[in-house]
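Student: Going down the list, the protein sequences come from chains H and G.
Read in this note's numbering, the first sequence has 188 at position 203, and its numbers run on one by one without any break.
Read in this note's numbering, the second sequence has 865 at position 38, and its numbers run on one by one without any break.
Any given hint could be a false lead.
Unchecked claim - Some chain G residues flagged as far from chain H (calculated, every beta-carbon gap over 10 angstroms):
1) 834
2) 837
3) 865
4) 866
5) 913
6) 949
7) 970
8) 973
9) 980
10) 984
11) 985
Unchecked claim - Rough simulated footprint, nothing fancy, chain H against chain G, three-plus residues with beta-carbon under 8 angstroms:
12) 892 to 905
13) 932 to 942
As the list claims (entries may be wrong) - Selected chain G positions facing chain H (Cβ under 7 angstroms, derived; list incomplete):
14) 842
15) 853
16) 877
17) 883
18) 924
19) 926
Hints in this document: simulated from the structure, not taken from any laboratory.
All C-beta atoms in this analysis are idealised placements derived from N, C-alpha and C, irrespective of residue type, glycine included.
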Amino acid sequence: MTGFLVLLCVIVLVLINVPIAVALCIASVIAMITTQGVASLPNVPLALYQGATSFPLIAIPLFILAAAIMNTSGISHRLIDFCQALVGWMRGALAQVNVLSHMFFAEISGSAVAGVAATASIIMPAMKARGYPGPFTAAVTSSTATLAIIIPPSIPMILYAVMAGTSVVQMFVAGIVPGLLTGFGFMGLCYWYAVKYNWPVEEIFQWGKLWRAFKKAFWALTLPIIILGGIFGGIVTATEGAALAVVASLLVGGVVYRELDWARLREAIIDGAVQTGAMMLLVAASALLGLYLTEVQLPQRIAAAMLSVTNEKWAILAILNVFFLVIGMFLHSAAAIILVVPIVMPVVTAAGIDPVHFGVIVTLNLAIGQQTPPVASVLLLTCSIAKESVWDVTKANIPFIGVLLFTLLMVTYVPVVTLGLVNVFYR
Amino acid sequence: MTLQSFRRGYERFLEGICIVLMAALAAEVVAGVVFRYSGHSLVWYDEVATILLAWVTFYGAALAVLKHAHMGVPEVVRMLPPGPRVAVAIVAQLCTLAFFVLLAWVGYSILEILAADQLVSLPEVSVAYANSVIPIGAVLFVVGQLLVFPDVLREARREDGPARGHA
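For reference, chain H alone in the conformation it holds in the complex (with noise of 0.2 angstroms):
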């Protein structure tokens, strides 16, 4: 009983807007105070202190860090410049140069808000002036970019690895065929409207051109190869293929390409410290939360109300799916790992679904969930970059949704599609 008090508290609490990392602790001072007394107060420091000490988590300000070095050092126009070489002769060419190039990204970033900050202001004004319609431009940016967080590395990913304690190696190398296939999937979409409005052709495909444009990207595209095959190699762990990212990344940008832009590079590194003080809080207040729930078995009672409605796997799949789809629309996706997974765990346990498969499950539904308003971080940062208005780049962005749809439909009920690789290299 007192279990689902605590959880109104939570709730009345962040609806006055009280920040959800707060509410959660507020709320679990007022448990430990009810059922223990005054005498339990020392544990709350001390199990936010614990809660924010996890090795694996120290992945998610490095791999932040390493995106923004990358957006201030020339290494993102390099970049976008080899994909318009490689793919500058289809129809629709600048909607492909931007899928592609988001498709590269991805490997070094696991970030899609960082996506869109590598990308958004050198290819949206190209788009435009190419006579492409405003809120195409921006949905075509805004999905592709959530595929930072699909292919690996990824931030969500690790948070997740870490809250349902499964591998962030694994969950990486789970999301791979997901992440390309739902980047070729964009593609498709793209060749398919620019046949249909007659979207201009860059340029005629050369050799030489390619050439020259892979010599001058060389540096920037051995970073993926430098950070997936060290941590896939298993020469270092996923924290350490963060650091090393950073390290590469700085190398690339100030010592090869001397563009790192020291300002800027200033501005992005408060702005991880920012980003990842608001994520830790939450992981950290969970944490104080998690002792309270354990002590009531909150989720294995939740798990078993969930079980004595069904027991089919597909069922419970569904249901979980749903679930997911619509807190993406109201919570940030950190938020909603940090929130959800602890409790949704057992009920996935019980139901034999392999955590990994799942893991990719929950993304895939939180990238949706970046897409969809009123709480979209991807889409509204787009949007307010392109000065589109959210309502018309949502519209435009609904096959887009569409194709990342088909890839969770694929990913929840083709297990292969996510274990596949997995089997192969690690079990």
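Once you've looked at the hints, dock chain G against the given chain H.
Tutor: What follows is chain G alone, placed relative to chain H:
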């Protein structure tokens, strides 16, 4: 010194700390990898890295208050009429302040007990140093919350509702 210039100085101060901590975290993890592959593993590498993460967390969280970057749901309050909106905004601020004042006090009081414990990998360093980030971070959070209070009130008072929250 006006409140505005104090706030700007305070923000610069926290930004400086965050930059140093982020750089230290990246450098420490890289050093850990380099030393491991050169055959001289640093025993304190994991423990110090997680302490740095906790420090980035709480100093970054204090800075996030000034930048309105904490995750929340401002949409519901925005739908209220102006009178109740101001009242609710004040209640929300007081709840947040109350928690961090409590955290600062309890966090400080346990440092004395923790002073007797040492880090696992660095026995000469007391756990109290690492944990000091909790009371310090809580005090910094309270100061930030007080500094943004006028902003929050001004936003809540606007006739047409606050322009945008911090979702």
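Student: With reference to the structure, classify each hint as holding or not holding.
Tutor: Consistency of the hints with the structure:
1. 834: Correct as stated: the minimum Cβ-Cβ distance to chain H is 16 angstroms, above 10 angstroms.
2. 837: The assertion about residue 837 of chain G holds, with a minimum of 14 angstroms to chain H.
3. 865: holds (14 angstroms)
4. 866: holds (15 angstroms)
5. 913: Residue 913 of chain G clear of chain H: closest Cβ-Cβ about 12 angstroms, beyond 10 angstroms.
6. 949: holds (15 angstroms)
7. 970: holds (15 angstroms)
8. 973: Label holds. Min Cβ-Cβ 15 angstroms, cutoff 10 angstroms.
9. 980: Answer for residue 980 of chain G: holds, closest chain H Cβ roughly 13 angstroms.
10. 984: Answer for residue 984 of chain G: holds, closest chain H Cβ roughly 15 angstroms.
11. 985: Per Cβ check, residue 985 of chain G is outside 10 angstroms of chain H; nearest 15 angstroms; holds.
12. 892 to 905: holds (count 10)
13. 932 to 942: This one holds; 5 residues, not fewer than the three required, reach chain H with a Cβ under 8 angstroms.
14. 842: holds (5 angstroms)
15. 853: holds (5 angstroms)
16. 877: Result: holds, 4 angstroms to nearest chain H Cβ.
17. 883: holds (5 angstroms)
18. 924: Since chain H brings no Cβ nearer than about 10 angstroms to residue 924 of chain G, farther than 7 angstroms, the hint is violated.
19. 926: holds (5 angstroms)
Of the numbered hints stated above, the single one contradicted by the structure is hint 18.
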